[in-house]
Amino acid sequence: MLTKKGGSMKNPLTGFISPLIFGTFLLFSPFPRYQEASQAKDIVAKVDELYRADTSSALVEMDIITPHWQRTLKMNVWSEGKDNTFIRILEPKKEQGIATLRIKNEMWNYLPKTNKVMKIPPSMMMSSWMGSDFTNDDLVKEFTFLESYHFEMITIDNPEKGVLYIKCTPKEGLPIVWGYITVAVQEKDYMPLWQKYYDEKGNLIREMIFKEIKTFGKRDIPTVLELIPKNKEGNKTVLRYLEAQFDLQLERGIFTLRNLRKRL
Amino acid sequence: MLLLKMAFRNIFRQKRRTILTGLSMMVGFVLAVIFIGWSDGAYNNIIKTFTGDRLGHIQIHKKTYLERPSLYKTIDNLSRINEILHQIKEVQSWTPRLFSAGLVSVGEKSAGVQIIGIDPEKETMTTHFDKKVIEGHSFSPSPSHGAIVGKGLAEILDAKIDDEIVIISQAADGSIANDLYTIIGILSSGNDVSDRISFYLHLKDAQELLVLDGRIHEIAVSVDKLSHVSRVTKLIESNLDDPELEVEPWQVFAKSFYQAMQADKQGMWIMLVIIVAIVAVGVLNTVLMSVLERRREYGLLKAVGTKPREIIKLVLLEVTILAVLSILLGTVLGLGANSFLSTHGIKFGQGFTYGGMTFDTMYSEVNTRSLLIPAVTVLLSSTLVSLYPSFKAARTEPAKTMRMQ
Amino acid sequence: MMWFDLKLAWRNILRNKRRTIIAGLAIGVGLAAMIFTDALMIGMKDNMIKSATESFLGEGQIHRQGFRLTQEVEKTINNLEWIVAHLEKEEALERFTLRTATFGMITSPANVSSVMLYGIRPSTEKYLSQIDDVIEKGDYFKGDGEREIVIGSDLAELLEVGIGDRTVITVTQAYSGDLVQEMFRVSGIYRFNVKEMDTGMAFVRLSKAQKMLGIGKDVHEIALKFKDIRFASKKGNLFWAEYRLHDNEAVSWIELMPQLQAMLGMFWISLLVMGIILFGIVAFGIVNTLFMSLYERMFEFGVIRAIGTRPSGVRRLILFEAGALSVLSIALGIIVGFIITLIFVKVGIDYRGIEIAGTSIHEMLYPVIHIQQYFIYPISVFVFTLLIGLYPATVASKMQISGALRKSL
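Protein chains in written order, with the working numbering: chain G, 1 to 264; chain B, 265 to 669; chain R, 670 to 1078.
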């Protein structure tokens, strides 16, 4: 009988956690290696490998731009395998000290202002990846890009010099909303330039742009990721990796509840 | 003129017949008046209870807020709206509200909620908010970081009065809104589904949490009489003259409830038709009998030279005067009864509790149509029914009728 | 002597046809009205309950205790096989259907939203919910594809999807807490014109939902529909206790929708008063009619007294006349009342067209025939008429003969 006000039930950390987690996942989640004949798949595999690591630690900045506000968050992110993630916000001051811990299917937030640890219920955990410019594909267990798509080299109108284009079409029956994804990489080193996500009718829904390749340790990776939704006016998210280390020896006790409460 | 005098004299001459005929008209009239007053009153009672009590009769929002709610679709010019509402006399009270979604936690348990920021005094005046708080107490006039949770929510969280409750949400500036409150009350609104997700804060606390100072999402307005709702809605709209805002009556924002009530209204219409028919038949009956048996009289009149046309007029006049007199007298009685029932109502059994209020009395209503419909019925039926015998009386041979018993 | 009076009474009645017809009509129509209104009132009450329960909820539901509050995916109904077996043999039950119900997320390329995901069995579900009746685009699980999903029109708009488009559903699996995702293609879009239903619900096949949730053959909810709409609210009903075993709960719409119960209560009270007023009008009509028809014959009664009938004889005669009149009227009233009621029982009162365009379905209003309507009301009218007739009967028996002979109304 009554209409529910206030919009859908999103986890409020939506605005920054989900693009963050997605970005982290994208950068540091372990994908299985694959031996494949086709060049397309090779290229994608290489891109995949760019972001594989058993452990990682990074200093990250994120700009979130919406029609109503703009913010920039700065945070530390640690990850171990694909199950453990720890994030602590450093800036802005209002959110300084807020931390999130994820172990497998459980997630907790720490809020220094109230000095409370909140457990996120499983239902909200799903929603925590919602509502931002990113989808909820991130947090599901058996997600593997390489296994889920067919790959083929394509040519586009007005191709750029020295750039290869790949079309990724999802295999039928898999839980993917996209009709297809096109990826552009540099021919010389297979560095990703952009990814475009289309629905089944061929409408461009969102675009991810990779910029500013830098060297962190032994890797060269694009350190700036821009995600631009094409169906929502005035929204954009930019992820910037200021520092990053891979396959490092992490301190013990990072992925614990006690660590959540630690004041900076 | 002569006819009129004769009509009056005839009426007062035959006391018993007049009384019986008049009584049948009057009693039928009065009962019909009470019936309509009661059914209208009951219908409006039910609507008032289920909408005015929580949602309000009229609501004001930013345009498109109802179809697609959004934190950012706020009403910002509160003071101007207050002024306008103040000037409309049919508006009884109004109250501002703020909405958002969030996640709360008490101890180990957490749950998704709808955050509702209210002005305690205004909300109580408009929807009896304080009566819905079944445990603890309602908000004090000034904000004090207290929270009131719905009954179901308290159960899910295993929360009690004085427990600390944390909330996390997204503020209007994009920052993470989070704060700590103390549970000061538990609320039962009558709607179990919403009680499972309702988290009330003092409006100022909510505005602070969500960085929405001076802004709200909704104004709920309560009107003195349900029949004024559509007029007042238009009035507010024209006085506000703001294309950014929309003003809606309960039929729009409580559409499913409205549809349910529509069903009942149709049923009541049928009953009204039945009542009207019965009253008409009753009047028919007595008028017919009283006119028919006076055929001898009319025969006499014709014998002394009265024209047939005048006989018809005489009959009709008598009946009409009687009807009017009965209606006038009946109006006094009927109005009296309806007024009494509209203020005192009828108490039924032990009643039931809903939304913190106990309902054991139903009220009638005083309105125009409760007088108009019965009056028209009585007048029409008595006039129509006397046409036949009056024609017959006018046409018959004087000798014939005078020989009749 | 009495036999003679009775015959005389009948003859008097039938002699003055006009008077008898007029009087008889008044009483008869009044009775018919009472019978019809009673049937109507019962029908209205049934209608309200039907409208509220038929769209999706059902007249009763069975869950695991506590499921309604927390909606935890693990809280499936205990002893399902036993319950289903017994429900199938349940006399009073017309239909039932099994459902899973979980909170989940639905994504499309354009947007995302939270939903209540229901796993249903289309073949049995269609008897308990009206979703199949309000399908706007596509169809209601016509094929047997496992990846079919049916959503509301508002949700489809929000997600910017049409028939055949991809969506992904995410739910939490039971016991492990893992998130499970599956792709579905929109196969049907419905429109209830009720916001909560058009935005917040999504339907897939029961077997698919069970697989996703990892609950094997278990379900969360059984919706019930009884042969008699009044069964669920009957006092002393043992049905609920029977299925409330093993930590399950069985509740009727009364507990599922307390608001409906409240509304009905208020509605019924108002109807009752209206019924009383109606009876008052009819009663008064009888009084009036009887008085008029008897008073005008005072001369006649005077004559009867003059020729030697004893006062008690006159009284008896009048009472018999009143009784005879009422018997005739009652016969008329019962016949007319029955016919009118029957007509509407068959045809129903249809006010769906008067609604705002494009509303959700509404039930036709059907009056309900109850045998007691044809006993209680007629008998009351008969008794009442006799009682009323006592007054003029007594007056006639007591009056001075000469006075009566001189009287003319």
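A portion of the hints provided could be inaccurate.
Listed next, the in silico DMTMM-like pairs over lysine to aspartate or glutamate satisfying Cα-Cα at most 20 Å (straight line) [unchecked claim]:
hint, chain 1, residue 1, chain 2, residue 2
1, R, 686, B, 557
2, B, 415, R, 924
3, B, 571, B, 561
4, B, 373, R, 743
5, G, 113, B, 428
6, G, 218, G, 48
7, G, 94, B, 437
8, B, 373, G, 106
9, G, 232, B, 437
10, G, 113, B, 372
11, G, 119, B, 557
12, G, 262, B, 443
13, G, 94, B, 472
14, G, 74, G, 187
Have a look at the derived ranges for each label pair, beta carbon to beta carbon [claimed, not checked]:
hint, chain 1, residue 1, chain 2, residue 2, range
15, R, 905, G, 171, 57 to 63 Å
16, B, 328, R, 1014, 43 to 49 Å
17, G, 236, R, 812, 40 to 46 Å
18, R, 915, B, 507, 58 to 64 Å
19, R, 979, B, 611, 48 to 54 Å
Please keep in mind that the hints were generated in silico from the structure rather than gathered at the bench.
What you are looking at is a predicted structure, and each value in this text was computed from that prediction instead of being measured.
Where a beta carbon is used, it is the ideal one built from N, C-alpha and C, also for glycine.
To see whether the hints hold, each was checked on the structure:
no.: 1; hint: R:686 x B:557; result: 13 Å, holds
no.: 2; hint: B:415 x R:924; result: 15 Å, holds
no.: 3; hint: B:571 x B:561; result: 14 Å, holds
no.: 4; hint: B:373 x R:743; result: 17 Å, holds
no.: 5; hint: G:113 x B:428; result: 14 Å, holds
no.: 6; hint: G:218 x G:48; result: 16 Å, holds
no.: 7; hint: G:94 x B:437; result: 12 Å, holds
no.: 8; hint: B:373 x G:106; result: 13 Å, holds
no.: 9; hint: G:232 x B:437; result: 18 Å, holds
no.: 10; hint: G:113 x B:372; result: 18 Å, holds
no.: 11; hint: G:119 x B:557; result: 91 Å, violated
no.: 12; hint: G:262 x B:443; result: 19 Å, holds
no.: 13; hint: G:94 x B:472; result: 14 Å, holds
no.: 14; hint: G:74 x G:187; result: 33 Å, violated
no.: 15; hint: R:905 x G:171: 57 to 63 Å; result: 59 Å, holds
no.: 16; hint: B:328 x R:1014: 43 to 49 Å; result: 46 Å, holds
no.: 17; hint: G:236 x R:812: 40 to 46 Å; result: 41 Å, holds
no.: 18; hint: R:915 x B:507: 58 to 64 Å; result: 60 Å, holds
no.: 19; hint: R:979 x B:611: 48 to 54 Å; result: 50 Å, holds
Checked against the numbered hints given earlier, the structure breaks hints 11 and 14 and satisfies all the rest.
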